[in-house]
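Following the hints, complete the assembly by docking chain B onto the known chain A.
Protein sequence lines correspond, in order, to chains A and B.
When we follow full-length UniProt numbering, the leftmost residue of the first sequence carries the number 1, and every step to the right adds one.
When we follow full-length UniProt numbering, the leftmost residue of the second sequence carries the number 1, and every step to the right adds one.
Since the hints were derived computationally from the structure, they do not count as laboratory data.
All figures in this text were calculated on a predicted structure; none of them were measured in a lab.
Nothing false has been slipped in among the hints.
If you only want the chain B side, here are some residues facing chain A, beta carbon under 7 angstroms, derived:
#, residue
1, Leu52
2, Pro72
3, Gln73
4, Met79
5, Phe81
6, Asp83
7, His89
8, Phe98
9, Gly99
10, Glu102
Taking lysine-lysine pairs in the BS3-like style, the calculated list, with each CA pair at most 25 angstroms apart, reads:
#, chain 1, residue 1, chain 2, residue 2
11, A, Lys213, B, Lys131
12, A, Lys224, A, Lys213
13, A, Lys302, A, Lys224
14, A, Lys224, B, Lys131
15, A, Lys302, B, Lys131
The beta carbon of each residue, even a glycine, is placed where N, CA and C say it ideally should be.
What follows is the residue order along each chain.
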Amino acid sequence: MSVSTPTTDDLADWYTDLTWTRAALYALVLLGVVFFLAPLETGLMTAFKSNAAVIRTLPFLPPFGDGFTLDNAQFAWNHLSGPLLNSLVMSIPATLFTVLFASMAAYGLTMVDWRGQLAVLSLFLVGVFVPYQAVLVPLARFWNNILPLGKMVAPYVAALPYFTENHAVLVPLIITHVAYGIPIITVLFRSYMQTLPTSLVESAMIDGASVTKIYYRIIVPLCKPMFAVVFIYQFTQIYNEFLFSLTLIGNASSSAATVTLVLPSLGASVSGMDFGVRMSASLLAAIPTLIIYVAFAEQFAKGLATEA
Amino acid sequence: MGEINLSNLTKRFGDVVAVNDLDLEIEDGEFLVLVGPSGCGKSTTLRCVAGLETPSSGQIRFDETDVTYRVPQNRDVAMVFQDYALYPHMTVRENMKFGLEEEPDYTDEEREERVESVADLLDIPDLLDRKPGELSGGQQQRVALGRAIVRDPSVFLMDEPLSNLDAKLRATMRMELQHLQEDLGVTTVYVTHDQTEAMTMSDRMAVMNDGELQQVGEPLDLYHAPANLFVAEFLGEPNMNHLNGTVDDGRFVADSFTYPFDDSVLDDVEDADDVVLGVRPESVEILDDDPEAVSLGDREFEMTVDVVEPMGNEHVVHLDFAADASESLTAIADGMRRIEEGESVIVHLPHDAAHVFDARTGVALHNRRVSFDGSSDQLDEPRV
Numbered sequence: 001m002s003v004s005t006p007t008t009d010d011l012a013d014w015y016t017d018l019t020w021t022r023a024a025l026y027a028l029v030l031l032g033v034v035f036f037l038a039p040l041e042t043g044l045m046t047a048f049k050s051n052a053a054v055i056r057t058l059p060f061l062p063p064f065g066d067g068f069t070l071d072n073a074q075f076a077w078n079h080l081s082g083p084l085l086n087s088l089v090m091s092i093p094a095t096l097f098t099v100l101f102a103s104m105a106a107y108g109l110t111m112v113d114w115r116g117q118l119a120v121l122s123l124f125l126v127g128v129f130v131p132y133q134a135v136l137v138p139l140a141r142f143w144n145n146i147l148p149l150g151k152m153v154a155p156y157v158a159a160l161p162y163f164t165e166n167h168a169v170l171v172p173l174i175i176t177h178v179a180y181g182i183p184i185i186t187v188l189f190r191s192y193m194q195t196l197p198t199s200l201v202e203s204a205m206i207d208g209a210s211v212t213k214i215y216y217r218i219i220v221p222l223c224k225p226m227f228a229v230v231f232i233y234q235f236t237q238i239y240n241e242f243l244f245s246l247t248l249i250g251n252a253s254s255s256a257a258t259v260t261l262v263l264p265s266l267g268a269s270v271s272g273m274d275f276g277v278r279m280s281a282s283l284l285a286a287i288p289t290l291i292i293y294v295a296f297a298e299q300f301a302k303g304l305a306t307e308a
Numbered sequence: 001m002g003e004i005n006l007s008n009l010t011k012r013f014g015d016v017v018a019v020n021d022l023d024l025e026i027e028d029g030e031f032l033v034l035v036g037p038s039g040c041g042k043s044t045t046l047r048c049v050a051g052l053e054t055p056s057s058g059q060i061r062f063d064e065t066d067v068t069y070r071v072p073q074n075r076d077v078a079m080v081f082q083d084y085a086l087y088p089h090m091t092v093r094e095n096m097k098f099g100l101e102e103e104p105d106y107t108d109e110e111r112e113e114r115v116e117s118v119a120d121l122l123d124i125p126d127l128l129d130r131k132p133g134e135l136s137g138g139q140q141q142r143v144a145l146g147r148a149i150v151r152d153p154s155v156f157l158m159d160e161p162l163s164n165l166d167a168k169l170r171a172t173m174r175m176e177l178q179h180l181q182e183d184l185g186v187t188t189v190y191v192t193h194d195q196t197e198a199m200t201m202s203d204r205m206a207v208m209n210d211g212e213l214q215q216v217g218e219p220l221d222l223y224h225a226p227a228n229l230f231v232a233e234f235l236g237e238p239n240m241n242h243l244n245g246t247v248d249d250g251r252f253v254a255d256s257f258t259y260p261f262d263d264s265v266l267d268d269v270e271d272a273d274d275v276v277l278g279v280r281p282e283s284v285e286i287l288d289d290d291p292e293a294v295s296l297g298d299r300e301f302e303m304t305v306d307v308v309e310p311m312g313n314e315h316v317v318h319l320d321f322a323a324d325a326s327e328s329l330t331a332i333a334d335g336m337r338r339i340e341e342g343e344s345v346i347v348h349l350p351h352d353a354a355h356v357f358d359a360r361t362g363v364a365l366h367n368r369r370v371s372f373d374g375s376s377d378q379l380d381e382p383r384v
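Looking at chain A on its own, in the form it has when it is part of the complex:
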């Protein structure tokens, strides 16, 4: 407040600062912006073009006149609204449970002392490196033959509004995602918790706080930035996941099909590719992750900054 530069000088300052290297830098930045944003812009434009306009006009130009249509978007919405809901019903609880359990596990493995800690931690580390493809068959066997949880909960799921018996398959799917997410999220939380001063926990112990109280009163509030990071990461991960959905749900025509199952076939047919529909559907499918990123952007940045 006390020191303010007179605004009249700003333009002059800017002009004198404008050397050739600076101009080149700006040009490079601009090029980068175009390079990264052009595909997005093209997709957005194509989403609102009729088939004829897609063929006749340059891809990145906006639609005009007869070329503009909302039919693609309408079509995409009609086919994707169900799967979109299914995806959210799967992703949101799966993300919440993963983050909750992983933060607890990390707390227990980092801030609490007990025997055999290292052995358990190494199990988590191994879990990070198990590839999805390797477990697909056992996974299907497990949920279909050994523990047919989907069939067991089907009547209860069907009793809920909107849902059908088919949706019961989402329950084992959620559990699978939680199980698969916990190792990596635990490791992320652990590395963050290791940067917290141990004296905070010690002080809370001396103040009489129990292990659980230290977790929810001290550790959770202090890990807020990390919660944002893993929430975004894990939500995106689960929402975009394809293999588990394919294995457990089976096909795109199921009423429980997730977005990732339906999207590949939308707008593709033997007669050719309907680019308008495909672009509309893709953008529609991307909206939930976009919302999450925007909502947590500030905390996310904080989390990345403190982690570095």
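Relative to the frame of chain A, chain B by itself:
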């Protein structure tokens, strides 16, 4: 209410022995300072008392109750950490109330009142609704102190609580802490590496080195009658003069000078050969006489002034016997005297100023005579 008893306390981290066979009794209401160089095991000892570390062997008793393996939650102690450990996401009020939440005999209003009264005591009522990040170092320190006081524990544990403050503030807080402790009358164990803090604040101090307890006693006892060379050199600023030599024919013989011992010293020294002569800088007298004009007395030496450090009230004078001599002395002279570097002076070491230590074990053989009753808790066994 707050008597602490450590017996044979040993803490090992792998192969490293942090605390070795420590015996210490702390009376109720006492202000005991654990002091020593970094890595001497003083913090580990404190953390064992707090319950943050489990001793490898030995026993910790509070009021005759064995608490060696009790978790910190059940020890009724409060601790002030070096980094204050304030919870950054809570306001000062919440920070101070946190420890009270687990105390069953308070209602919520009583907790609130207790926090406010302690805040008044520490002169921080206007900080109650701020977050720790918005406070200065000194204010954070007060809050940390308040958080400990609020719980009204039977023991305060303090781990270098003043070391992050600037020198001026540290001196003020030193006095305030002493007053607080006196008023509250709670047993306090205070860890520091700063001998000034230890000397000024403690009822009794315990000097540690290398995981071993060197000596316990009242500060002045330890200063005037150190049990060994380590304690002698650790206490006092500037350090005690340390002169290596041998006892020969009733005299102390060093490379550059000889110093006759009087009978009381010789009785104590007995048949030791290699000894260390220790003389406090304030006992070294620089005489006004011109060395050219007078002849030297019995315990007088001609020395050259090497460096003079003016402190204002006094000068710290570094003296050499000769340019290439291995021995030198540090003396304290009055601040109003003119002493030039390079000047030749006569230095007198009074006969009753000598401390004599066994050069091999470091054990004190003879301590200088002082007028007050120097009853020091000397250790029975030599421990160096």
